[in-house]
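K.L.:
Each chain, letter by letter, is given below.
There are 2 protein chains.
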Amino acid sequence: MIEKERKTNGYYSARGPARRSSSLNRDSSSRTRRPMPAGRTRTASSPESTEQVDAVRFTPLGGLGEVGRNMAYLEYNDEILIIDMGLQFPEEETPGIDFIIPNITSLEEKKDKIKGVVLTHAHYDHIGAVPYLVGKLGNPPIYTSKLTKAIIEKRQVEFTNAPKLNVIPIKEGDKIKLGDSFDLEFFGMSHTIPDNVGIIIKTPVGNLVHFSDFRIDYDENGEPHGLDDLKRAGKMGISALMIDSTNSEESGHSISERVVEKNIEELFKKAEGRIILATFSSMLTRIAEIIKIADRLGRRVVINGRSMKDNVEIAQNLGYMKVRKGLIIPAEEINKHKDNEILVITTGAQGESTAGLMRIINGDNRNIQIKQGDTMIFSSSVIPGNERSVQALKDNLSRQGAIVYHSKIIDIHASGHAPKEDLRLAMKLINPKFVIPIHGYYFMRASNAQNAVDAGVPRENVLLMDNGQVAFINQEKAFISQETVPAFYVMVDGLGVGDVQEVVLRDRRVLAQEGMLVIIVTLDRQTGQVLKNPDIISRGFIYLKESQEILSDIRRRIRGIVSRIPRRDQDPDYLKTVFRDQIGQFIYTKTYRRPMILPVVIEV
Amino acid sequence: MIEKERKTNGYYSARGPARRSSSLNRDSSSRTRRPMPAGRTRTASSPESTEQVDAVRFTPLGGLGEVGRNMAYLEYNDEILIIDMGLQFPEEETPGIDFIIPNITSLEEKKDKIKGVVLTHAHYDHIGAVPYLVGKLGNPPIYTSKLTKAIIEKRQVEFTNAPKLNVIPIKEGDKIKLGDSFDLEFFGMSHTIPDNVGIIIKTPVGNLVHFSDFRIDYDENGEPHGLDDLKRAGKMGISALMIDSTNSEESGHSISERVVEKNIEELFKKAEGRIILATFSSMLTRIAEIIKIADRLGRRVVINGRSMKDNVEIAQNLGYMKVRKGLIIPAEEINKHKDNEILVITTGAQGESTAGLMRIINGDNRNIQIKQGDTMIFSSSVIPGNERSVQALKDNLSRQGAIVYHSKIIDIHASGHAPKEDLRLAMKLINPKFVIPIHGYYFMRASNAQNAVDAGVPRENVLLMDNGQVAFINQEKAFISQETVPAFYVMVDGLGVGDVQEVVLRDRRVLAQEGMLVIIVTLDRQTGQVLKNPDIISRGFIYLKESQEILSDIRRRIRGIVSRIPRRDQDPDYLKTVFRDQIGQFIYTKTYRRPMILPVVIEV
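So the sequence lines, in the order shown, correspond to chains A and B.
Each residue of the first sequence is one higher than the one before, starting from 12 at the first, in my numbering.
Each residue of the second sequence is one higher than the one before, starting from 12 at the first, in my numbering.
Please note that the accuracy of each hint is not assured.
No farther apart than 35 Å at their CA atoms in a straight line, the calculated lysine-lysine pairs in the DSBU-like style are these [what the hints assert, rightly or not]:
| no. | chain 1 | residue 1 | chain 2 | residue 2 |
| --- | --- | --- | --- | --- |
| 1 | A | Lys439 | B | Lys280 |
| 2 | A | Lys439 | B | Lys281 |
| 3 | B | Lys419 | A | Lys281 |
| 4 | B | Lys601 | A | Lys122 |
| 5 | B | Lys543 | A | Lys543 |
| 6 | A | Lys242 | B | Lys419 |
| 7 | A | Lys439 | B | Lys601 |
| 8 | A | Lys601 | B | Lys419 |
| 9 | A | Lys601 | B | Lys601 |
| 10 | B | Lys601 | A | Lys419 |
| 11 | B | Lys281 | A | Lys444 |
| 12 | B | Lys280 | A | Lys444 |
| 13 | A | Lys280 | B | Lys280 |
| 14 | B | Lys320 | B | Lys303 |
| 15 | A | Lys175 | B | Lys601 |
| 16 | B | Lys488 | A | Lys382 |
| 17 | B | Lys587 | A | Lys543 |
| 18 | A | Lys121 | B | Lys281 |
| 19 | B | Lys347 | A | Lys281 |
| 20 | B | Lys601 | A | Lys587 |
| 21 | B | Lys444 | A | Lys439 |
| 22 | B | Lys175 | A | Lys419 |
| 23 | B | Lys281 | A | Lys488 |
| 24 | B | Lys281 | A | Lys419 |
| 25 | B | Lys126 | A | Lys419 |
Hints in this document: simulated from the structure, not taken from any laboratory.
Values in this document were obtained by computation on a predicted structure and should not be read as measured data.
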């Protein structure tokens, strides 16, 4: 018996309307139930139970509620297949955090059942959590393409306590069998990095397709190509399709990478001086093309930025980039060539303070500085939250005399994610019975749900899941069950994994807004008198050197408070509470600010 | 003799290439020279001096280096005219600040010369600093239109210590004389609020035009209208034009407000349930039109959000909005009408946590909650930095069953700022000899400089100024002098104006990233022994309750440090330095984090 619990906008959704809540506590462990063995009968008294469903269980651990941290797993008959292990970059709500990784609590307790991990492609939102998680999961075999293999293996050695990876290389067209439950078939998908694979997953109870990030490529006549695998999968009879939603709100088709390359080539031809081009080091497909253009137009190439150097080197070694000897020159030789014979490809297009471009602009790069007449090309989008630092980049480059082009001025960047029309096209070709939008915030996935409906999928066959929910899928049916597994944030900060908690972040947010004030009061244990002038330390509140008046006021009030409390009532905790309240109130009245007040009472 | 000091890209610019620096210290007072009396001979030994120039001095105090905080003044013959007094909203670099206001140090010392202030329109980036500054400037007469007058007067009463304003209402077409130096003529400009004026300023040494924020209106046939005043000004022979740069990078013409209104009307017709429309309360022109559409389509209007209510009330009282009696209903009566007879207009389109829309979404509004089938329209742009909170709004609305439209999906918002083609058109009509791009970051103003060149202004006649620089302008010449006046940030935080300094903000940024640790060590004054277990307080670092091990390590290390230092060397300041260094280093090794360490040494 299959039951849906509740619908929102007619889609499946196992939870009702949500109020606004920080994504930090959206999935609180208190609501977590112990997951049931997959594909087994589940006996439960509620009418929403999943009795006698022979189904694959699909559990996303991340990526549904954010852009990044992509990870999910499939279970059937006590066998588990994991897809991707990505990380998420920190947000406003998580100050000081390095990044956020998926919560694998539900997998750790059944790690013996893990038959393998498939990594779709080498972007950090799909592979970045590997060094943190793979050891805890018993270092299962990883199936991925050659390029991804090289990139994760290079990164793994930086983590001294992480195990050596057990990677089995696969390529487009390969078929492998994982346990008795999963027959996998890999197919190539176009994205901004080579060696990107989608997966056809055949199980005893139905066929699934799990896309990677993708876009559809168009040739110069506007004809799509590379769709044969999707058509072939469509003929297999697909139950559920898991599909990327990142650009599901954008209308139309993908901008062709050919158009981007043509525009970049035009800018190259116009440039009279040096060209500095900034892009993401992960956009290896485009970087390879740009190097070819530079070669055609007689420019030597300087690669700047560590990740750019690493990635270009790996891509060259594996044959994804064929570069004529002598074309790439070391930065030290930049001045041996004329200005119009130089192209610098650099990281730092987002204005990251430590990245390649910022060092050039700040004059911290020994060999490369900006000069009058340089042409600066930003072949990238601005990631939300980076607007201010990218603005500062453009301002500074312009002040230093560079001619600046960015993708708002001319199409010199194309997203790697399919917009509406391409999503609909892909769904029509796969022709799945059910669609599960993955990758992105709720609104993006809801928009993609509408794309599915527009592509002919019945509205009730679209599953709008959240991280930590469990969907049951077979050839006939698919629904979101009542079960949930823990999927709340695991934060990485310095060497610590998971030890930064919401309370710490809340303190950081308060400290950032109003600063703090430590009040140290030394009391005579015998008399209860204030022994010396109370020490006051403040940071981020007001500049105390110039606020002597308020300081003396606070000290006077502290003495007053102590003198009004009889010795027998001078419990340190009570005193602290009184200081916090009364001094806090006094400061608020005087300044309209609420710094964090930290009283310390010392009895000697 | 007129000299330019240095050129960047061929434009006038009194400073050379700048390295990246925080906008906080871009204009440090150390570089400030005492300004010379305006229009007088200036004797200086440097070749860049401004000897014997009979010229108007133009000094922007804000708005050139940011979007917001617009304020500038003109000086001639010991007479001063101020244009606008805006505020700037805080940025990432200024955590916890309420907002930033212009620095008026250079005006305070010569406030007796101020003949008047002109406020171009009632947006906060042009009027918001009035209550903070007007008293310090001797409460000079303010010339502004009726609507702006009403809005600033209403706000002024909230500031109990600020003087009653001395406002002289003016309107389009009015001419006034200020002192012997300035003959002003006001003309209407289209923007998103009514009563927006540009100024023709005739002086004994040349005619200037200072634009307000503006766009060009097009009728349904795509013909521009309202350009007569610009044509007329063009015939007067204009020396310098100060012109808005906010949208100077955008190509093409303004989206017509007619198109926006038509699209909104279409959405209204399609909506089967209630409509909730969120926009800026300052967009009074559009709000007036939307209320008309609601009336036409038989919907009652509920106004939600304090600033929305205030502004609509003022606009009604002054006759800018004609609203049939009974059309606007109180929120309490929302359920007396059918869903398809309701329109809610609300503030909070940016996801501001205390604004109207957020309260509705969170269920904190007694009368209005989101329900299945509501149509939600965002008639606004997303201000950079607010992407995450707007995403959360859309996610939550969508989860609660609303159908969401925003301006990325359909043209239901038009900017109030002219893009490239319209900027060029305006410059051609005014036909000024010199152009000074104002309003916006450097790159925006540099883009606008290029627009001026495209409109036929010689490149060397475009002045790319910075805040605090002084331009000399007469009918023949215009150049940026070597003088500067203080223009660095003045921050408003709580009740304090200007008492939050860079050191405080730096502390807040550190606290937000890594948190802090207070170490309190009590020493026996005689023996130099640690008297009791050192107190450790930490916030925003790690959750100490779960980190007992590192706490004991730190305490052990403190005792060790003290025991190794002979009593005679136990100077408290020295001890603090040693604690800060050694405990800081220990924590970094253990955690890879660098919390702020605040040691306290108490001798008893």
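K.L.:
Between A:Lys175 and B:Lys601, does the CA-CA distance stay at or below 35 Å?
P.N.:
Distance ~24 Å between A:Lys175 and B:Lys601 Cα, so the pair holds.
K.L.:
Can the restraint linking B:Lys281 and A:Lys444 be considered satisfied, given a maximum Cα separation of 35 Å?
P.N.:
holds, 30 Å
K.L.:
Verify the proposed pairing of B:Lys419 with A:Lys281, using a straight-line Cα cut of 35 Å.
P.N.:
holds, 32 Å
K.L.:
Compare the distance between the alpha carbons of B:Lys281 and A:Lys488 with 35 Å, and conclude whether the hinted pair is satisfied.
P.N.:
The hint holds at about 34 Å.
K.L.:
Can the restraint linking A:Lys439 and B:Lys281 be considered satisfied, given a maximum Cα separation of 35 Å?
P.N.:
OK: A:Lys439 and B:Lys281 at ~28 Å, within 35 Å.
K.L.:
Below or equal to 35 Å on CA atoms is what counts here, so check B:Lys444 against A:Lys439.
P.N.:
Status violated; Cα separation ~60 Å.
K.L.:
Holds or violated: A:Lys601 with B:Lys601, Cα cutoff 35 Å?
P.N.:
Not satisfied, since the Cα-Cα distance of roughly 41 Å exceeds 35 Å.
K.L.:
Mind checking the alpha carbons of B:Lys601 and A:Lys122 for me, to see if they're no more than 35 Å apart?
P.N.:
Holds: B:Lys601 and A:Lys122 sit about 29 Å apart, inside 35 Å.
K.L.:
Mind checking the alpha carbons of A:Lys439 and B:Lys601 for me, to see if they're no more than 35 Å apart?
P.N.:
violated, 54 Å
K.L.:
Could you grab the alpha-carbon distance between A:Lys439 and B:Lys280 and see if it respects the 35 Å cut-off?
P.N.:
The hint holds at about 31 Å.
K.L.:
Within 35 Å, alpha carbon to alpha carbon, are B:Lys175 and A:Lys419?
P.N.:
Violated, at about 46 Å.
K.L.:
Holds or violated: B:Lys320 with B:Lys303, Cα cutoff 35 Å?
P.N.:
Holds, at roughly 17 Å.
Violated hints for the displayed structure, listed by number in ascending order: 7, 8, 9, 10, 13, 18, 19, 21, 22, 25.
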